[in-house]
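**Student:** Listed below are the residues making up each chain.
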Amino acid sequence: MGLSGRVEGLIFEKSVPGRQGFSIPESDVPLKAEMPVEYKRAEECALPELTELEVVRHYTRLSQQNFCIDTNFYPLGSCTMKYNPKFTESLAHLPGFMNLHPLLPQLQLGGILTQGALQVLYEMDRLLSEMTGMDNFTMQPLAGAHGELTGVMLIAAYHKAKGNKKKYIIIPDSAHGTNPASAAIAGYEIISLPSNKDGVWDIARLKENLNDQVAAVMLTCPDTLGIFNSEIDKISKMVHDVDGLMYYDGANLNAILGRCRPGDIGFDIMHINLHKTFTTPHGGGGPGSGPVGVKENLAKFLPVSRVVKRKDGTYSLDYDYPDSIGYIASLYGNFALILRAYAYILMLGKEGLIETSNHAVLNANYVMSRLKDRYHLPYDRICMHECVFSALNQAERGVHATDIAKYLIDQGIHPPTIYFPLVVKESVMIEPTETESKKTMDEFIQVMVDVDELSKKNPQFFKDLPKTTPVTRPDEVKAARDLDTNFFSHPPK
Amino acid sequence: MEVVEHYLFTKEHEWINVEEDTATIGITDYAQSALGDITFVELSEVDRDVEQFEQFVSVESVKAASDIYSPMSGRVIEVNTKLESDPGLINRSCYEKGWIAKISIKDLDERSNLMIAAEYQKFLEGLE
Amino acid sequence: MNPYIANTKEEVYQMLNAIGVKSIDDLFVDILPHQRPRSFNIPKGKSEFEVTQHVSRLAAKNAVHLIPFIGGGYYDHYIPAAVGALMSRGEFYTAYTPYQPECSQGTLQALYEYQSSICTLTQMEAANASLYDGGTALYEALMMAIRITGRKKVIMDGGVSPIYRKILTTYTTNWDIEFQETPVVHGQSDRSQIERLLDKKTAAIILQNPNFFGAVDDHSDIIEKAHQLGILAVMSVYPISLGLLKTPGEMGADIVTGEGQSLGLPLNFGGPYLGFMATRKEFIRKMPGRIVGKTIDMHGRRSFVNTLQAREQHIRREKATSNICTNVTLCALQSVVYMSLLGRRGLKELAQLNFDKAEFMRQILSKIRGVEVKRSAPTFNEFTVCLPRDASSVVAAMIERGFAAGFSVGRYYKNMDNYLIIAVTEKRTKEEIVKFAESLEAVLWD
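Chains as they are written, first to last, in this note's numbering: chain A, 1 to 493; chain B, 494 to 621; chain C, 622 to 1067.
Quick caveat, the hints were computed from the structure, so don't treat them as lab data.
Being a predicted model, the structure only gives us computed values, none of them experimental.
Incorrect hints may have been included.
What the hints assert, rightly or not - Simulated crosslink set (DSSO-like; lysine-lysine; CA at most 30 Å straight-line):
{"no.": "1", "chain 1": "A", "residue 1": "Lys-167", "chain 2": "C", "residue 2": "Lys-822"}
{"no.": "2", "chain 1": "B", "residue 1": "Lys-575", "chain 2": "C", "residue 2": "Lys-995"}
{"no.": "3", "chain 1": "B", "residue 1": "Lys-575", "chain 2": "B", "residue 2": "Lys-504"}
{"no.": "4", "chain 1": "B", "residue 1": "Lys-556", "chain 2": "C", "residue 2": "Lys-902"}
{"no.": "5", "chain 1": "C", "residue 1": "Lys-773", "chain 2": "A", "residue 2": "Lys-160"}
Please work from the sequences and hints to get the whole structure.
**Tutor:** Written out as structure tokens, the structure reads:
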């Protein structure tokens, strides 16, 4: 199963002067406005000129050069590429939401105009709080990384209000790159600590490094190796004892719905990736949504506006929070994504959410058990919703994680996450998710077995893969050295 | 991994070749190999002063970006502008043609903070 | 019955056997009893039909029947059906970030086309593959200017959106950055105030065109003075206006950002939107976010890849140019489809039509007693009026007459309670405009 083998021309190359794909109404007003020439652009914009059919054909063909969940299995660890239910798309297209101007509730008496939308935001705050053991959520952050940054800013606000002088944030060395990047942008120095030989974060090392200059510890649970640290509440207590805060990176929430709530095990603040656990579509790289939840003692610092429910049952935007950190985004969050997640949560309900984690964890353990005699397992123990292998055995034969990835592409399977977490060499992180069937997983397992066999018999085979795609091993070095990011800087000769 | 006998080395994999009161600086074979194909070098300005172990150049590859620290204090007197159009020169000839900067030296005694070739070789063995 | 989970009882049994445990609960053994949830009171699940009913009822509680003359950075433009049709292709919206280029050429090429379109729109040399929205993009531009110059002072023009200004000051709380603002003007930028503040400690001057009040300006002179002192010019712009107005590239801007919602994205009550950023070739390595580059593959075929990733969080971690991980690919794709349908001539026509309608509205309103249409600068499709009484109460009354009359700025600016910013797009008919004016007159004087 391969992709459309055609390399498609650029849309600008298809442009023919005089064509237009957009019918603009004629003016019905009796005046032709004149902009003084000093304010007008001198040169026309060179947008391409095509008919609607040409634009539709071009982008339809391009779409056929993509893998996607609707056609392919994506066992991408850390990404939770589960199926995106179609009904959430229809609901997001309801005109009552899609055509709603965001500034309406900021008008006097404007809250009345947007009660339905405000109710969605409010109920999401309540639902996510209950699901995670937090007291309040802000829906404002526009992506997971954005949520992390918001979280770190809340941590800074908390310490500033208490007059604490804090310098450091501690993270595991297996953490996602956004964790240290967010902490650094908020002005903290990072201390990165390793796990012990069992893959569990080393509590003794943490103890050595904890002092009253530590603002917070940022963790994900289960961690990026797919392991749940049973000592998590001990860690929370140690951190709280130095008046540090516990931050939960919600990237792996899909593993513990209904089984454990971050708020119950000592976390003070967290973010959720709606595009992971709550299946808002990945869109080829966004948009995302990263709501941030806090315990009550941090709620006053949350960004404004916040949606509140009045005594009469109506909803409104409230800006009256003098200790709020301010605006971390322009408006209320990526509403159309929040709406999709809301519908998904209502549909699954309590049992559905618990079932989700049950099967996510079952599926990952199944794949792990079937591959562990072929691929090196750095930590041979029960995993949660994802498992991490190392392709060291295959790499010794000259077949690296990248090569395995390219082989999988030819089989119509999107490769698992490779080279993350950085602490495992030749890492291959697999997260099947709960929406995939045993049949799909068995096919994947068989392909991985074939890869292992082939790595012994004919490692050279991998070098020019994939063969069934429109391109093979694009030259990334050339891309960086001979930068071409704009058609108009490099017009064809 | 190659090393050059009369050069001095740092823990961050820079080398320095001291010739009287000036010196040439670059990165080692280990560094260029770890970085992979180098795609861009952000050179220092000329006439800028650097302290020993201060960051003054950065080097980018597809998979990593690396800060380069000056092995000794001094003033930058020349930078290898060939690297602007041919960053891969570092990969091909990291100890010779792929030199990065030349400095006038402030204090020869700073050499005691650096490793000689044999020490660096041992240091590399410890890393693996 | 959960339509998203495939495993049957039999399959569960087989899998548990393969793993070597007796039940699913055994897989959660690391979660100790005292770590289990204290409560999990989520309502019982419902069918797709029931949820659809419930959500549809909520949708019906939102006033989309009002004729919108409100902008403030977010505009009611017409979106051709082909945009939505192409974006609902699963191959675009259920795809993953293009880290594996061989199976993502569709997304990558479309993003390259998006970057190129933004460049010709703004007349800048290099664009990234999008940022979250116009406000956060402006913040990223500010940080970029600070990184490039190594300076810590920033001048913010009084015409920049108050929403964006709040974002900038929120983010820079923990940093040692000095903000200086020139006074708010509903007309053009105050040159004398700006020049007073320009100095060699300043990293950037932040401008907006048209400004929040709709005023159109030519900032070339300010930018030239700024450049003489090594200060970078950061400009936030409105894309549709660039079908008519002088571009930031022509003015000499160094970093350009803006809200791309007007390029084919529905209003969606606040998001997802589209932050675009473009800059000079020399600054491309300092630009945050994902960037797509053109290259060739091992057989010499043209290919597209994520490039300059060494700047990004997944490699540089603490030293990254930003902590950004996601861009808004689907929104960027939506906009490039829109721009491709519109085309060179279409953009010009559309801009002129917006301008004509707004000028017509301006003309009619200026005939109403007590309504002062601000004329200190030309405007595009949004302009400011001063009413004889509190604008918010006028807006409330206009709502009852079926109009979202504009944005009353008293909530963001002191002493401007009577000011109203009105936007007119190509979707507003002559009838709607005339009726609006009649209603306004009635509200003011009946």
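**Student:** If a hint holds in the structure, say so; if it doesn't, say that too.
**Tutor:** Each hint tested on the structure:
no.: 1; hint: Lys-167(A) / Lys-822(C); in the structure: 27 Å, holds
no.: 2; hint: Lys-575(B) / Lys-995(C); in the structure: 57 Å, violated
no.: 3; hint: Lys-575(B) / Lys-504(B); in the structure: 26 Å, holds
no.: 4; hint: Lys-556(B) / Lys-902(C); in the structure: 22 Å, holds
no.: 5; hint: Lys-773(C) / Lys-160(A); in the structure: 22 Å, holds
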